[in-house]
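J.: Sequence:
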Amino acid sequence: MGLINGVTTEVARGYLATLTVTNRAENTTKETITGKELPASVVVISPEARARLVQAIAEPITAEQQAKNSEELAKTKSSGQGPSVNLGYALFNDPYTSWDARTFTPLLSMSAANTQTAMDEFAAALHDVLAEGQVGRNQYDNSDTSEAMALTLTQSKLHKLIEKYVSGDNQKQANEIADEMISLRVTIRERQTLLGAQDTLTLAMRHGTRDMQESARDYLSQVKSATARPQVELAGMMEAMKSGRDMDSVFSTFADLIRATPNPDNKAQLSIDGALSQLEVYRQQWQAFTEKYAS
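With this note's numbering as the guide, the letters of the sequence shown map in order to residues 25 to 319.
Since the hints were derived computationally from the structure, they do not count as laboratory data.
From a predicted model like this one, the values you see are computed outputs, not experimental measurements.
All residues carry an ideal CB built from backbone N, CA and C; glycine is no exception.
Do not take every clue at face value.
[Stated by the list, open to error] Below, a list of computed lysine-lysine pairs in the BS3-like style, where the Cα atoms sit at most 25 Å apart:
# : residue 1 : residue 2
1 : Lys266    : Lys316
2 : Lys184    : Lys316
3 : Lys188    : Lys266
4 : Lys196    : Lys184
[Unchecked claim] Using C-beta positions, here's what the derived DEER-type ranges look like:
# : residue 1 : residue 2 : range
5 : Gln222    : Ser133    : 20 to 26 Å
6 : Ser276    : Tyr164    : 36 to 42 Å
7 : Ser249    : Thr285    : 31 to 37 Å
8 : Ala148    : Met229    : 49 to 55 Å
Can you build the whole structure from these sequences, using the hints too?
T.: Structure representation (structure tokens):
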């Protein structure tokens, strides 16, 4: 039997003591005020008990008791609830990041603080990193060289966010999720590079000179052996980042790799200059990232 909310223990005892006791030999009992016959299974409250109930309900609850009740209610609510993923996050609604957001949704539930504020901040940080790493919206250059820089920097930024926001026992799994995403992008990049080399050779064989055909054939061979310029750039940039050197040295290596681009008759100079300008943008973004999300 549950007690009526707001009734004190003292009143409840009086209530129990004044219940009308029914005769088990009878199947009904008479209600004391109305005189109606009620089934024996119905508990009837005596007039005295009713008076005490009315008095207890009419008594105002003190401010202290109200505060205590509110505190207990808040504890009850919070005990069964944790932070929840908000589908309104920019991470999910920015067309440049919404696809990758599916991959990183599990990371949001690994927050070390396990609070809504921490989850919201983590989601915003992930959006910032993924948005900056999207080649196609760059100011100066959107070539495969800038893509190589973006992939390298994005992976490192993700690792730093995981270190900051994810609990220690979940960091290994979180880093694996981040690395898998980067690996998938690299795989797609490699596939596109191979298809581009094959298409170039096909066009050269149909419409090009002998020199063009030979050049296209050599490039395809380099792609298959992972020694083509885009592959060398990406491998060199990732190696520089993993070396643990300071970021000035890392960006210096990026610049050296860009300047090593074959440039016969200065035909590639425009592309080289664009990539170097984009490198400076990435440098500024990295500085802003470290200032904002430094542990």
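J.: Any hints this thing doesn't respect? Which numbers, in order?
T.: Hints 5, 6, 7 contradicted; others consistent.
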